[in-house]
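Q: With chain A's structure known, arrange chain B on it following the hints.
Residue numbers (my numbering), protein chains in the order written: chain A, 1 to 457; chain B, 1 to 383.
Quick caveat, the hints were computed from the structure, so don't treat them as lab data. You may find that some hints are simply not true.
Said to hold, decoys possible - What follows is a set of in silico ranges between Cβ atoms, one per label pair, in the way DEER data are often shown:
{"id": "1", "chain 1": "B", "residue 1": "L96", "chain 2": "A", "residue 2": "I132", "range": "52 to 58 Å"}
{"id": "2", "chain 1": "A", "residue 1": "A328", "chain 2": "B", "residue 2": "P345", "range": "27 to 33 Å"}
{"id": "3", "chain 1": "A", "residue 1": "P17", "chain 2": "B", "residue 2": "A101", "range": "48 to 54 Å"}
{"id": "4", "chain 1": "A", "residue 1": "L25", "chain 2": "B", "residue 2": "R92", "range": "50 to 56 Å"}
{"id": "5", "chain 1": "B", "residue 1": "A113", "chain 2": "A", "residue 2": "T304", "range": "35 to 41 Å"}
{"id": "6", "chain 1": "B", "residue 1": "N304", "chain 2": "A", "residue 2": "T304", "range": "46 to 52 Å"}
Stated by the list, open to error - Listed next, the in silico DSSO-like pairs over lysine-lysine satisfying Cα-Cα at most 27 Å (straight line):
{"id": "7", "chain 1": "B", "residue 1": "K315", "chain 2": "B", "residue 2": "K281"}
{"id": "8", "chain 1": "A", "residue 1": "K198", "chain 2": "B", "residue 2": "K97"}
{"id": "9", "chain 1": "A", "residue 1": "K272", "chain 2": "A", "residue 2": "K419"}
{"id": "10", "chain 1": "B", "residue 1": "K281", "chain 2": "B", "residue 2": "K204"}
{"id": "11", "chain 1": "A", "residue 1": "K384", "chain 2": "B", "residue 2": "K195"}
{"id": "12", "chain 1": "B", "residue 1": "K195", "chain 2": "B", "residue 2": "K262"}
{"id": "13", "chain 1": "A", "residue 1": "K419", "chain 2": "A", "residue 2": "K384"}
{"id": "14", "chain 1": "A", "residue 1": "K175", "chain 2": "A", "residue 2": "K96"}
{"id": "15", "chain 1": "A", "residue 1": "K272", "chain 2": "A", "residue 2": "K176"}
{"id": "16", "chain 1": "A", "residue 1": "K199", "chain 2": "B", "residue 2": "K97"}
{"id": "17", "chain 1": "A", "residue 1": "K175", "chain 2": "A", "residue 2": "K12"}
{"id": "18", "chain 1": "B", "residue 1": "K281", "chain 2": "A", "residue 2": "K384"}
Stated by the list, open to error - From chain B, some residues computed to sit far from chain A (all C-beta separations above 12 Å):
{"id": "19", "residue": "E19"}
{"id": "20", "residue": "R252"}
{"id": "21", "residue": "E277"}
{"id": "22", "residue": "D302"}
{"id": "23", "residue": "P353"}
Computed from a predicted structure; not experimentally measured. Beta carbons: idealized from backbone N, C-alpha and C, even for Gly.
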Amino acid sequence: MDEQTRTRHILKTLGRPTPKYFIFLLLGGAGLLWFLYAWSYQLQYGMAVTGLGDWGAGGGVPWGIYIGSFIWWVGIAHGGIIISASVRLFKLEAFKPVARMAELLTIAALSVAGLYIILHVGRPDRIVTSIIPAFPWRIHFSPLVWDVTVITLYFVMTGTYLLLTVRRDIHFLQKKLPAVFAPLYRLLLMGYHPSEDKKVERMVWWLALGIILMAPLLLHGGVIPWLFALLPSMPGWYGAIQGPQFLSIALTSALGAVLLIAYIFRRAYGWKDVLPDSAFRSLGSALALFALFFLWLQLQQIITGVFAPPLGVEESTAAKLHQPLYWAAIIPVGLVLLYLGAQWAIRSIFSITRTVVAGVVAVLAVFLEKVLFVVEGLMEPGFKLYQGVPGSYWPSWVELSSVVGAFSFVLVFFLVVAKVMPIVEVVEEEAGASDGHREMAELRLRTTPLGLRRAEK
Amino acid sequence: MTGLNKWDMIRPGWEQDAEPLLAAGGHDPVLGKEAAWDALRLVRGEISEEEFYQKHHQAYLNEFGADMRPAVSVGDAAAPLDEPNYLSGMSRRAALKLLGAGVAGLFFTSWWARQTFGASPEEKPPAGPLPVQMGMVVDLENCDGCLVCMAACRGHNGTPAWTHWMYVIAFEDENGRVNTLPRTCQHCSNAPCVKVCPVGARFKRKKDGLVLSNFDICIGCRYCQVSCPYGVNYFQWAEPETQVHIESRDYRGRWVAGRPPKGVMGKCTFCPERQDEEETKGTAVCALSCPHNALHFGDMNDPNSSPRRYLEQKKQEKGYISTFRLLEEYGTRPNVLFIGQRPSPRARPVEGPVPIKNMGFMESGRAVIKGEHPWFLSAFGGQ
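The shape of chain B in the complex, shown without the other chains:
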């Protein structure tokens, strides 16, 4: 018998004949061969019927999901017929195949989606020289909180009373020092508002790095407002009383400038309509209006721009200057640089030299309802 394996005891050469047949069935060929061998032993009377049925019972369950041979009830506690647990009824191979297919599918879908759609073109950093990135250098040592910039911005953009695209924050730190800080949109290089916008209405303009809202597609979910650490977004809560009076579309025809329509989010834009015109390029209305030379607007990546030259000049004059950006710890990479002392973490707002309410601006963000009050509110004296 040397040189022969047990399959050859069935019939010499049986294994070679049986294997392709078993493989064609799509099932475990080893199990098939073993079962055949044991069937032979059963016929020879070497094992009992009960032993035969029990021997491969578990293997049958794993392979076929059931074992319908007569003695199935013998000693099998799992009793798979009563338990609709389809995983245990599955062969290991099928389960692994399924798992593998699932994982492969996930990887493929994600790869495909990335290839097909990728990051929006606006968000891909361009190669080569530094891109144009409009921004501002704000000299807090010059700002005295006169609020002229706020009035100029409002006048230019026609924004309603409750919005402060430019907002001058007067604050006091724990040492009693009061200072003012003009807060525009920071036009971040890694803007959370751009990231979270569900419709891509908020975008970063590749041409000059402005973060803008497309008023034509914004759905007004206010997620940008919630995600922005600086609180620069102002929603159009009602039909604004003022009319649009500036050309509000940018060079690509997108409605991004001026005040947004009802139900849409707006914020400081850095005057895109001015950046698109050759004569006014590199200027912003608030910076132009500042009587104290505190706001310097221009390309932050260009050493010859107005903010960069101002910064250089100030450094040379004073020898050393302290600069900071707001809330850099959030990783937003803001493009507004402040000259002066960073407000301490415990600094709190106070009334500035010119109170905001004196300017005729509303203190609260609550909008004025222009429509009629419903009868039941008037009846109960509510508002």
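In isolation and in its complexed conformation, chain A is listed as follows:
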């Protein structure tokens, strides 16, 4: 397929919306409105409208599906940007067509995660006035502040990353883009000059390096699991394994989510060439790998929790193993691993639909596992004198509405973005082809990665 046909296909998303598009937009809008109604109800009557309660003498759990959803969405966001960054850093050609979708997913999912924090707290009105003045000294102690900091950092990095890469596309396409959004394009292209492309390429490379380095050290292998893993009071949470476990979940769910989004776009726009089979096959293989990691780390926890554990760990592991919902999460991931692994070995059984179904199953299964992790941890505290205090947790309609709201937000986000900018990178990276190697090489001679101009001295 030549470059022009490909570009034409990619630009299909920017065309006049079809009736189906409006149906989806209405659905998403309705979901969002429903969520806003539920949220206003919660703001009016307080957190009592949730299924949450005080642990201990209250027999409830103070953190529930809001926090479970928060870590799940953050995981999708982090996994998404890791996918995109690894395309740039490790030359994972197969993921290239989905790189921008993964970046957009990151932006959407991070927004949802931020929203969940606001939903979760009892006094959302104070978030800004309380957190900012206390930030300089609380950053030394509170893992929650570490979270807020790193999530903000990632939001900025991903936004910059996306903005830098999208400017080149917008400039390249200019006349072909819908005229309605011209002011937006002008804003995005502010100060743009084609000569910046090379420099941008370099900046994006460094951003990608930063993202990949920070992902395990700070992010989904770091501050997010540390929210839980640093608290000895809850034996189900405490321990060093949560870092790798969370990272495996982030990548599993991000790969599954990207599979689904890519599939929807491929179906809707007949993008057999833009999003080739090979992309789905590779995403499926990667998903199998991280599903394996996920199960392996679960196994580690179960074995250490049943062989000769201290009392608290023994009871929290036993409670987990007796919880049918736990198996409702673990068994599907096992099946996904089996199927995707078989598909990897026997290439003839590959099917895009089945791969996507496997992806969706994995995403939902780890969501269940994550919510259970939060709830079960609090149900089995180390202080055993409370054990047996009557209490349970089931999310209320308000909490469940937030799940609808989150999905609706992501749906509407993609519907809107697809009409504004190309959802797949048009100008391929290293498009230097047209400019010739020579120009690129000259630039390299004049500049170093640090941007110091040397030859001019």
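A: Okay, now just chain B, sitting in the frame of chain A:
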């Protein structure tokens, strides 16, 4: 030729002239000199053009990030032009500089932040004599689980039905022994709730060591509740039905006493409003209300305080007493000392002599929603 090095073969004294020039360029002067020497050899016909270009190719790549001399394609498999790998295009010196600058930056930032903000003043242990640390000695041998303390606390603080700032736990161990344990906040010296609070609303008061919540800035994230091993925090899930009826600000004007407003975390405070008044200082409502002399409140660091004197007296009476603190293994350094036998790790709660629900308290922490139910819940018969 003795006494001369090879640079002098270019021109005597050349090295002395060339070095400052090369150094000013900011690049490796040795490479520059070597290249110059080889250029001379090339002109003399001692080496071929191809050899010349190949000889320093890698060094050029390391130093300049590219080698644009004509024969660049000769035998270089790395082909850096096609691979946007900016690290390999970087000179070793630049990479080390970058790394060094990064590490130095991290150390500096962390040092600077510590200098500037440091630990909160509340958390710095004061030097000199032991600070005032309010706490409690709870004599489990005296407690019979009458729950009067729970009622007194609730009456004083106006806390709603689902909260138990004071909670009397009745438990049975594997030998069938039933005992009761009044559980307040432990006002830990190393309180995890203080550590994790993202906004500094939970703090340890320097004046008397009380662990308190500033109800004016708490955002209600419930991280303190999750981090506390004792389960002493109670969230204000809804607008409480009772009104504040005590003066609820402490001596610094912070809103720390009484029941918290909707959406804010509360817990046993050890009555800061009483500690701030000269007449009521050193007393807590639950301890005052106890009909069995089980709760002894006061400064745990003062040998003349009521709890310390009680402890001493009991020791003298009985010769030996068993004391313990709850969950010390978590390193929280709790300030409530229990006299009696430590509950065994397998002790489990049972219904006490006076069941908590008989007191009109709710058994579950679930709050009662005061507002109207939405129409769709009524329509489907839900709640």
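Q: Now tell me, hint by hint, if it's right for this structure.
A: So, going through the hints one by one against the coordinates:
1. L96/B x I132/A: 52 to 58 Å: violated, 38 Å
2. A328/A x P345/B: 27 to 33 Å: Holds, at about 31 Å.
3. P17/A x A101/B: 48 to 54 Å: Once the Cβ atoms are compared, 50 Å apart, the range 48 to 54 Å for A101/B and P17/A holds.
4. L25/A x R92/B: 50 to 56 Å: holds, 55 Å
5. A113/B x T304/A: 35 to 41 Å: Once the Cβ atoms are compared, 37 Å apart, the range 35 to 41 Å for T304/A and A113/B holds.
6. N304/B x T304/A: 46 to 52 Å: holds, 50 Å
7. K315/B x K281/B: It holds: about 26 Å lies between the C-alpha atoms, which stays within 27 Å.
8. K198/A x K97/B: holds, 23 Å
9. K272/A x K419/A: holds, 20 Å
10. K281/B x K204/B: holds, 18 Å
11. K384/A x K195/B: Between K384/A and K195/B the Cα gap is close to 23 Å, so the pair holds against 27 Å.
12. K195/B x K262/B: Distance ~23 Å between K195/B and K262/B Cα, so the pair holds.
13. K419/A x K384/A: Since the Cα atoms of K419/A and K384/A sit roughly 56 Å apart, the hinted pair is violated (cutoff 27 Å).
14. K175/A x K96/A: Holds. K175/A to K96/A sits at ~25 Å (cutoff 27 Å).
15. K272/A x K176/A: Given that 27 Å is the threshold and the Cα spacing comes to 22 Å, the pair holds.
16. K199/A x K97/B: Distance ~21 Å between K199/A and K97/B Cα, so the pair holds.
17. K175/A x K12/A: holds, 14 Å
18. K281/B x K384/A: Answer violated: K281/B to K384/A is near 34 Å, above 27 Å.
19. E19: holds, 16 Å
20. R252: holds, 16 Å
21. E277: Nearest chain A Cβ is 29 Å from E277/B, so the label holds.
22. D302: holds, 29 Å
23. P353: Nearest chain A Cβ is 16 Å from P353/B, so the label holds.
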